[in-house]
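So the sequence lines, in the order shown, correspond to chains E and U. Just so you know, our numbering puts 152 at position 152 of the first sequence, and the rest follows in order with no gaps. All you need for our numbering is the position in the second sequence, starting with 1, plus 1000.
Any given hint might turn out to be false.
[Stated by the list, open to error] In silico lysine-lysine, BS3-like type, Cα no more than 27 Å apart, as pairs: (1) Lys1640(U) <-> Lys1650(U); (2) Lys166(E) <-> Lys1638(U); (3) Lys95(E) <-> Lys166(E); (4) Lys185(E) <-> Lys1650(U); (5) Lys1274(U) <-> Lys1197(U); (6) Lys1299(U) <-> Lys1599(U); (7) Lys1316(U) <-> Lys1172(U); (8) Lys65(E) <-> Lys1310(U); (9) Lys1197(U) <-> Lys1232(U); (10) Lys1090(U) <-> Lys1060(U); (11) Lys1232(U) <-> Lys132(E); (12) Lys1390(U) <-> Lys1113(U); (13) Lys65(E) <-> Lys1599(U); (14) Lys1274(U) <-> Lys1299(U); (15) Lys260(E) <-> Lys1647(U); (16) Lys185(E) <-> Lys1640(U); (17) Lys185(E) <-> Lys1647(U); (18) Lys1310(U) <-> Lys1232(U); (19) Lys1232(U) <-> Lys260(E); (20) Lys260(E) <-> Lys1638(U); (21) Lys1299(U) <-> Lys1171(U); (22) Lys1171(U) <-> Lys1381(U); (23) Lys185(E) <-> Lys1643(U); (24) Lys1171(U) <-> Lys1060(U); (25) Lys1643(U) <-> Lys260(E); (26) Lys1172(U) <-> Lys1090(U); (27) Lys65(E) <-> Lys1316(U); (28) Lys132(E) <-> Lys1316(U); (29) Lys1310(U) <-> Lys132(E); (30) Lys1110(U) <-> Lys1171(U); (31) Lys163(E) <-> Lys99(E); (32) Lys1215(U) <-> Lys132(E); (33) Lys185(E) <-> Lys1648(U); (34) Lys96(E) <-> Lys5(E); (35) Lys132(E) <-> Lys1172(U); (36) Lys1638(U) <-> Lys185(E).
[Claimed, not checked] Looking from chain U toward chain E, a few residues come up when the C-beta cut is under 7 Å (computed): (37) Gly1236; (38) Ser1610; (39) Phe1613; (40) Ala1617.
Treat the hints as calculated values from the structure; they're not laboratory data. Note that the Cβ used here is the ideal one computed from N, Cα and C, for glycine as well.
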Amino acid sequence: MKSNKKKEAKKTRRFFSVFGIPYAVFLILFIIIPILIIVYYAFTENGQFSISAAASFFTSWAKWKVLLISMFVALQTTIICLLIGYPLAYFLANKKFNKNTVLVTLFIAPMWINFVLRTGATRDLLTWIGVKGGRMPYFATLVGMVYNYLPFVILPLYSTMLKLDKSLMEAASDLGANPFQVFIKALAPQTIPGIVSATLMTFMPTMSSYVISDVLSENMITLFGNYINTEFGLGSWNTASFMAMIMLLIVGISLFINLKFNKDKEGGRTQLW
Amino acid sequence: MKKNNILVLSSIAILLGASAFTFALSNTSKVKKVASASTPDVGEYTSINVVNCADYIYIKDVENGYEEEDLVDQFVDYAENNPNSPFYGKHVSVSYSTSDTPESMYNEVKTGKTRIDLICPSDYMIQKMLGEGMLEEIDRDFVPNYRDYCSPTISSFLDNIEATLPSGEVKKLEDYCVGYMWGTLGILFNPTFNNYKIEIENADQLSEEELEAAKEEQIIFDLRHYSALWDKQYDGTISIKNSIRDTLAVVDMKHHEEQLLSFREDYVNGLIDKDEYNSRINEIFNLYSNPADSDKEYKFDSGTREAIYKELIELKGNIFGLEVDSGKNDIVTGKIGINLAWSGDAVYAMSQAYDYDETTLYYSVPEEGANIWFDGWVMPKNNNRTADQKLLAQEFLNFISDPENAKKNMDYIGYTSFIAGEDILGLIREWYDYRTSEMYTTHVYTDTDEKGKEVEVEEEVTILVKDGEEYRELDYSDFLTDSHNDALDDEELMYEFDDELYNVLNEDETHKTYADLTIVDSDDSELFEVDLSYFFDGTLPTDKYQASDMIFYAEDYYVDCDDEHPDGLAVGGDFYCQYPDEETIIRCCIMQDFGENNKYILELWEDFKSGEFPTWAIILFIAEVLAAAGVAIYFVSKRKISKNQRKKRKLEAKNS
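The following block holds chain E by itself, in its conformation from the complex (with noise of 0.2 Å):
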């Protein structure tokens, strides 16, 4: 009886599994092939083997100038959104404050509007209260991304916010802990799956977004994602590719620190992803 439901479940396995061909296409046609190409670009000029685009990258103090600018933006508007967003996903969790999900939904509400719209409005905006994106390049940038990430800030705190354990919170105030130590103690160490995945969700975005900075600082701050844009533009394939490959890796090392703090929580399937 019992090989018999083991087969049947093998069964079903496999049946679904034809439902998996869609995503498998799409995985190789869409991600694995592109990256392919992009590594045999940043390795060949003119179909050779080259190495040229990676000393062009390593000798340029203007590249990493880029690279160090982005981290530094990206850097700024996770923080600022983790300040923002974090107070914000505890009260719109806590049953106390919010009664029911309309004001959720009014935060996620902007994600649902293309982002390059948003930013033209926002551009127009900020020129209008006379903050001129040209002359405050850092500001009127960081101010819309802030704006466009704050979303994929607040609802991955805001899902792990829901199961926060109260109990520990009131037992670690009972036992003569004053806020901050509940904070640190019994709060902070709950939510840290949600704060990961947050700064996740907003750091490498923007490291590599740049219609937002092309358009709110009037093109003078440049992002990677524009040098790499740019470099592509000029018809040097070989060193944008080579440049999106450290955006890659970037990338890689990025999920490499979150899978191990996914290691570290038992359970941690709370995060978006």
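For this one, chain E is given, so just place chain U on it according to the hints.
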């Protein structure tokens, strides 16, 4: 859980299918196949692939008043059904697609799998392609319309460009390229923009209106030079091009302002002729193409690089921003007051700004000199092209070089065509010549509409003039001083409406406007005499047109603010954008391909674009990284300590 999986997977499958479908759809709409009705047999079926920029050819657009078929369709129709066409009675097809930039066009030719028969990149890219031996010759005898109607002055710009093949052989561009559209790169500005910080002497003694006028005059005066872009008075109101070639051209001209203006003085004083003047400007303008070790006076060596970079950084500190296509809208909506603009965009912005809030914008081709650019058709080399296909491609070029079709293109795109000739002359008159508006008057009458309500209707009618006993329509020549028609003074001007003749100058309820027919007769300084004979010479039938027919009378050709420079004012309206006068053309140069300097110039641009990393940002960045590292170390060490303690406790527990 399983159910969810199925849902997710099937929705992915649907999405995939849908996206594949839309992809296929968008592909077909992008590559426009103009096939013949019947399936043609192999052998009598000729097809060519044409690649152009987006929105760069006449397309049917009924909403905006372009009611004829797409020009490509018209060509197919012409080639198959016109007895003059070598493909008369045969089947032809044109597959037309678009590409974004000259660089992407180059890549398409270089790496693309399909055969491209005609492609339309910019000047420097054609030169680059030619230098790499990628182009096939186009015999202009097979493109008779271009040979006969192309403006000689404009095509001479193209003819003077050469490219050297790796083998050392020198090729001339004129054998490989058929010009399409051309224009200048100048400064578009709003003289009444109120965010400038202009300082006027004795401002407190002037009334408000006088002050406004003085300011406007000052702005127009300043904007005749590139140095205005560096001027702190215009701080934060300027946007420049986010493209290497355009911005570098401007920086170069500003840096050599003194030399360029001294050449100009020599030219105005008659010390040098126009060819010498142009070639002197050209030496400075094309210094980017001269390698550091060349023996030219102006070249791209480390000294020049430093100087140009310094100017660039200084410029960056004075501007509102960099843009490639938002500038023409920003100047309309009042975000900026000054924009480095291509002439075609300037024309667009001028009409938009006027429609938006009746702002008048001006366009300046600075006195130092300017960049004249062109886009032209070339035929990339390809071994798979048959003789028939080459013939059809040449026939296509001939078709779009027909003045009548060039007129349609110009009307639709807004840029200026290489083609001159009668039709273009008529078009320019219709657009810009003041006399055109004097040939019409308005007849007003009351009519009843569908609901039986009385409405006032105004209808434009052509003015008639008495010629002997008969009446005929007014002609441009009637307005000229030397052939002045006496009938115009006799006030015997009539117009016809519903088979009845009305007197134009008779004041009654039937018409509203009166013709002012003395406009060209007197020394009326309100109108500018624009001589475009440099453009039209040799393209008009000599028995029908005289020199005076190439003179236009326009209202806002130049902006008159400076009596000291009667010859060659540098600021004008939309007519000036599209057809600059000869004095302006003389100081324009084509910017050649950078050649072996290309990679150094890319580096320069990268340095410029990567921007400054401000000190406060560096400090903040380092502090945050250190803090993050500190927290990480704290947690790791804490964990290690607690781990050790746990071990210890366990051991103790075991021992006890």
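Item to complete: Verify the proposed pairing of Lys1316(U) with Lys1172(U), using a straight-line Cα cut of 27 Å.
Response: 38 Å, violated
Worksheet item: Does the alpha-carbon distance linking Lys1274(U) and Lys1197(U) stay inside the 27 Å limit?
Response: 37 Å, violated
Worksheet item: Regarding the pair Lys185(E) and Lys1643(U), is the alpha-carbon distance no greater than 27 Å?
Response: Status holds; Cα separation ~18 Å.
Worksheet entry | Given pair status - Lys1650(U), Lys185(E), alpha carbons within 27 Å | Distance of about 24 Å is within 27 Å: holds.
Worksheet item: Are the Cα atoms of Lys1197(U) and Lys1232(U) separated by 27 Å or less?
Response: 8 Å, holds
Discussion item. For a C-alpha distance cap of 27 Å, please report whether Lys1390(U) and Lys1113(U) respect it.
Written reply: Holds. Lys1390(U) to Lys1113(U) sits at ~18 Å (cutoff 27 Å).
Worksheet item: Is the hinted pair Lys132(E) and Lys1172(U) satisfied, with a Cα-Cα distance of at most 27 Å?
Response: 47 Å, violated
Discussion item. Between the alpha carbons of Lys1640(U) and Lys1650(U), is the straight-line distance 27 Å or under?
Written reply: Distance of about 15 Å is within 27 Å: holds.
Item to complete: Please work out if Lys1232(U) and Lys260(E) have their alpha carbons no farther apart than 27 Å.
Response: 54 Å, violated
Worksheet item: Holds or violated: are the alpha carbons of Lys260(E) and Lys1647(U) at most 27 Å from each other?
Response: Answer holds: Lys260(E) to Lys1647(U) is near 23 Å, not above 27 Å.
Discussion item. For a C-alpha distance cap of 27 Å, please report whether Lys1232(U) and Lys132(E) respect it.
Written reply: It holds: about 16 Å lies between the C-alpha atoms, which stays within 27 Å.
Worksheet item: Should the interface hint for Gly1236(U) be scored as holding, given a Cβ-Cβ cut-off of 7 Å against chain E?
Response: 6 Å, holds
Checked against the numbered hints above, the structure violates hints 5, 7, 19, 24, 26, 34, 35; every other hint is satisfied.
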